[in-house]
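S.K.: Build the full structure now, drawing on both the sequences and the hints.
Number of protein chains: 2
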Amino acid sequence: MRVVMAQMNVKAGNIEENFAFIKQTIEQAKLENAHMVVFPEMCVSGYLLQDKWLDDEFCQYVHSYNDKIRELSEDIGVVFGNLYYDSILGTNMGRDGRKSRFNAVLFAQDKKWVKKENSELSGIHIKHLNPDYRIFDDSRYFLSGIEVAMANNFEKHELVTPFLMNYEGSTVKVGLEVCEDLWSDDYSVKVSELYILQGVEFIVNVSSSPYTINKEKSRDKRINEHKLAMKEKMVPILYVNACGMQNTGKNFVVFDGGSCVFDANGDRVYSLNDAFAQEVSTYDFVSKVSIKSTSNKLLQALCCAIREVDEQMFKSSFKWIIGLSGGIDSSINACLLVMALGNERVIGYNMASNYNSSITKNNARLLADKLGIEIREGSIEALNKASIETMNDYQYKDEYGSLVYENIQARIRGHLLSTFASIEGGVIMNNANKVEVALGYCTLYGDCIGAISPIGDLTKVQCFEVARACNTYFKEEVISMTLIPEDKENEIIWGMPPSAELKEDQLDPMKWYYHDYLITYLTEYPTGRIEVFMDSYLDGSVYETPIGKWIAYYNLTNGEVFIKDLEWVLKTMYLAVFKRIQMPPVVMLSRGAFGSDYRESQLGFIQTDKYKVIRSKILEIK
Amino acid sequence: MRVVMAQMNVKAGNIEENFAFIKQTIEQAKLENAHMVVFPEMCVSGYLLQDKWLDDEFCQYVHSYNDKIRELSEDIGVVFGNLYYDSILGTNMGRDGRKSRFNAVLFAQDKKWVKKENSELSGIHIKHLNPDYRIFDDSRYFLSGIEVAMANNFEKHELVTPFLMNYEGSTVKVGLEVCEDLWSDDYSVKVSELYILQGVEFIVNVSSSPYTINKEKSRDKRINEHKLAMKEKMVPILYVNACGMQNTGKNFVVFDGGSCVFDANGDRVYSLNDAFAQEVSTYDFVSKVSIKSTSNKLLQALCCAIREVDEQMFKSSFKWIIGLSGGIDSSINACLLVMALGNERVIGYNMASNYNSSITKNNARLLADKLGIEIREGSIEALNKASIETMNDYQYKDEYGSLVYENIQARIRGHLLSTFASIEGGVIMNNANKVEVALGYCTLYGDCIGAISPIGDLTKVQCFEVARACNTYFKEEVISMTLIPEDKENEIIWGMPPSAELKEDQLDPMKWYYHDYLITYLTEYPTGRIEVFMDSYLDGSVYETPIGKWIAYYNLTNGEVFIKDLEWVLKTMYLAVFKRIQMPPVVMLSRGAFGSDYRESQLGFIQTDKYKVIRSKILEIK
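From first to last, the protein sequence lines are chains R and A.
Number 1215 marks the last residue of the first sequence (the working numbering); no jumps.
Number 1215 marks the last residue of the second sequence (the working numbering); no jumps.
Simulated from the structure, these hints should not be mistaken for laboratory data.
Take the hints with a grain of salt, since some may be wrong.
No copy is singled out in the list; a pair is fine if it fits within one copy or between any two copies.
What the hints assert, rightly or not - Simulated pairs of lysine-lysine, DSSO-like, Cα-Cα distance not exceeding 27 Å:
{"hint": "1", "residue 1": "Lys826", "residue 2": "Lys881"}
{"hint": "2", "residue 1": "Lys990", "residue 2": "Lys978"}
{"hint": "3", "residue 1": "Lys908", "residue 2": "Lys1157"}
{"hint": "4", "residue 1": "Lys1142", "residue 2": "Lys1104"}
{"hint": "5", "residue 1": "Lys814", "residue 2": "Lys692"}
{"hint": "6", "residue 1": "Lys749", "residue 2": "Lys692"}
{"hint": "7", "residue 1": "Lys616", "residue 2": "Lys708"}
{"hint": "8", "residue 1": "Lys616", "residue 2": "Lys1203"}
{"hint": "9", "residue 1": "Lys1172", "residue 2": "Lys908"}
{"hint": "10", "residue 1": "Lys1172", "residue 2": "Lys1104"}
M.R.: Pasting the structure below:
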């Protein structure tokens, strides 16, 4: 059997374009005499649409493509993920009375819906495992197969039955499932295993599964669990994932593709690219190809996000406006822009004050020269001066603290970049990293601005890696190595330590490596508990982990010093929620991106009793 | 029986303060020889905590208060809503393997958990109906009673059984439920009715039910439905709701209280205030009190939001910084600040350019004088000039369009307000209304800034009402009547039509009343469908609705003109998502506040086939 796997760049909301691709791919698959062609989850409309899913007419429209695609299935089996927006087994209301929507995989062959064993339903499997964590809100929008089974007083797994596909005259049993259905180890209904126990020849999983760092390991682990459970009964699994970018408002979410085939041994024997790029490839259950694995996957993810934002939101016709301070974060983003879009639509701006060193100014110019992007240089002093004058005008005399002046400088830069953008017809790049975002170490309406925050989900330490990868990519020292510290065993050697350069001799107050770790620990799903971390400090076990050396490095072995620093981090982090609410959308890369992934109310720093107990014990450590 | 109803101002995350109030109220209730005291849903921790619910140690800590409160129940029954964070009937995992959390009502008496009929569970009813719409994400955080029943292979309603309360030596059957359990008309499990059929004497509903305009009508309707279903079996229902404000990050959500008692006829016979204020009151099943009903409830909601933000986030110690243009929106917000906080901590700033008329400047000064707030006046021209100079410095000559200059002015004002705030230690008020927010008729980092958007969920037409109410409240024309149009039958008479005053003779491009309606229609839950609206235009039925006259008023009876305007609204609205992502939290007042209530991806304007068909038919209307 020949199966065309269509790793499709699904454009959220762009139904006509998605359908055109689907149609063309089906035609091509027929020319290749394929028996089946597979498209990802929600391939017609996109998956991350937020409350657009509550628009009945929109849903009706997306649903109408089910029949349009069925009509294209003459002489071929077409498997595709899409919305189903009609009654199923009499179930047409969610448990709260809203009309039901179903996230489903559909299967048409020879213009008919493929029949299922022991089921009056044809051509459809409803997603059974609806995730409601991280960026996922499936229960807000979709009713699960389990809920339909329950509403009909069936056993909760009873709707999982094989599809009966016609294969050159005989019938082949196939299992179809949607995304999370495969990741069932934590759920009570094991969709894949239910199919296997009913004798399917193979399983097809259609997914819109976002990329996060190291995600592929987690997926292979799931397959392994199924193999362990099913042993010699195991069957091949074809995993067809979307690629590209969709957004939740507060986050840009990238899809890596990485579609692949696992054989009955649970081994990956065939794979499409995992470089976030569209690919259509035919698998024939015999061929094995060496596994394609993208190097610098993180760079690819970042470039994918920028490229898709540029195309989807700005029709690839806007300039990109980036402030170039000469520091590491803006340097990385300039590199990413050039990698993703080339150098012609990127303009860098150096906006110097009297506090900016000639070294950083030179770094900015050198970077621009090496990347071949236009750079414009000027000073913010005229606006600084006018700001102070205007303050005087409002009867504020020059007697306020340094922070006021620092924020003035940052906001003037925000104002200038915005003005450049409106003159040029441009999009502003936000240069904050995750540690800055977490601690609110940035000025609202100043360096907090922009249309996209590519590295807002990367810690500073991860930025060092990305900076090195940029230099490797460009095969020269595009980003000055003085900006990247050397981590020599128990010492960090800085060429030039991070500084906002908003006053004389200013250095960032972060304890790099250590705070990076803490913030990751506190935000990544499942979220870390500060009490557990403190316990490991108290019993000394923290020193057996990689972070231990940084606790020693920063002289935090003294309990009082440790607590003082820790509470600065916690208070600062929770206070900064008010800034994050107004910050640009962040590209999700970790398992805890600020925004729709890690969601926050303004609550402040809450101390549990346990926290207080451990805290006082720690304070006794000398 | 005497029941103390504690309409509590639950402070999200402030567990110690909430517990202190609970403790004190229980003690007071004992002094009054009450038999029962009732606290709202999630009264220990607050309800809207977002992913703080995923912090295990926090949950453990909140759960630990269940026993602390049980210990206080000597000689009294204590009913309270709180998190339950332990295994229930063997269920300790959500369907995706995360440790279960339950949103529950608990009932302790004489230091013991109150037994239930036909149940081995004591002292607890798990919320059965978990809402997953609008601001609610219960499935993300909590497992429902229905899910626990199902996991135990019970019938889905089987866990709804009466509590057996000891009342002066005899046993009284009582039904307890949580918030949405009462609003069951759309759900398959009717919690209240299940209790009634099992012979309870009365039902207690503990709620954290947010205020939205006209919400009380909807609540009374639910009670009525139960009465109709239960007829003479109906029993009294005691509804104890929280008051105050909690937030979701993107929205400030106010709770009106409005706790009350419905008798067995379904009539409201007893009520606490619905003025968003804490109140403790004793009901004895005999007394009837005239129903308290707050006048100007909308004003109360707005003041509650401001007062609680001021107290919870800023410890009532910051100044409030507000730009006063002399227009209606900023005038309303200045009034609200003074109503909520008095006039001592409010500073108004008039930031004039050459385009600002002397009328609006005078309006601003008069308003400030009448409210008794400090006003500081100055000009933005120095910064305007420095901006242009700096542009020249960056080789941008004076040849760009008017919009660039308009945005420069707005951003300079944003910059100035931010600087005032950092000098004064102040909080900035955002002055946008919902029509502006919807259409993005505001400048990012300019007039889009602030810590709270009080009227960002009110249309301009609603703002006119609020402005009139402000004048009524202050008993004088605090807000100039020239800013409020007269709607005389088929004509709007403006004293001074709305203008941003960013260029000569500028007038806002909105079709007031008509666009207000459209935006409300498109955002309020359940969201309106543009195709349905267009259909009503096509068949003429729209002219039988209140909006019809505005279609005529704006000469939109011609199909081409109608479509041109409509598509401007739709395109502008969907494009403005990128601004809303970065705007301040909005006080939720409608059933579709931008933010956590009405959630948006950046998708652009999507046209269904049906849209296209109706559109072409409309275009033929001459």
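S.K.: Now look at each hint and say whether the structure bears it out.
M.R.: For each hint, the structure was consulted:
In the homo-oligomer, the alpha carbons of lysine 826 and lysine 881 lie at most 27 Å apart inside one protomer (21 Å), although the nearest pairing across protomers, at 71 Å, exceeds that limit. Taking the closest pair of Cα atoms, lysine 990 and lysine 978 come within 27 Å of each other both inside a single copy (13 Å) and across two copies (21 Å). In this assembly of identical chains, the alpha carbons of lysine 908 and lysine 1157 lie at most 27 Å apart only when taken from different copies (23 Å versus 49 Å within one copy). For the homomeric pair lysine 1142 and lysine 1104, the shortest alpha-carbon distance inside one copy (12 Å) is at most 27 Å, but the shortest distance between copies (64 Å) is not.
Taking the closest pair of Cα atoms, lysine 814 and lysine 692 come within 27 Å of each other only across two copies (21 Å); inside a single copy the shortest separation is 37 Å, beyond that limit. Within a single copy, lysine 749 and lysine 692 get their C-alpha atoms as close as 21 Å, and across copies as close as 21 Å, so both meet the 27 Å cut-off. With identical chains, the CA atoms of lysine 616 and lysine 708 are at most 27 Å apart within one copy only, with a shortest distance of 23 Å there and 63 Å across copies. Taking identical chains as interchangeable, the C-alpha atoms of lysine 616 and lysine 1203 lie at most 27 Å apart only when they sit on different chains, with a minimum of 21 Å there against 60 Å within one chain.
In the homo-oligomer, the alpha carbons of lysine 1172 and lysine 908 lie at most 27 Å apart only across protomers (18 Å), although the nearest pairing inside one protomer, at 29 Å, exceeds that limit. In this assembly of identical chains, the alpha carbons of lysine 1172 and lysine 1104 lie at most 27 Å apart only when taken from the same copy (21 Å versus 34 Å across copies).
The structure meets every hint from the earlier list without exception.
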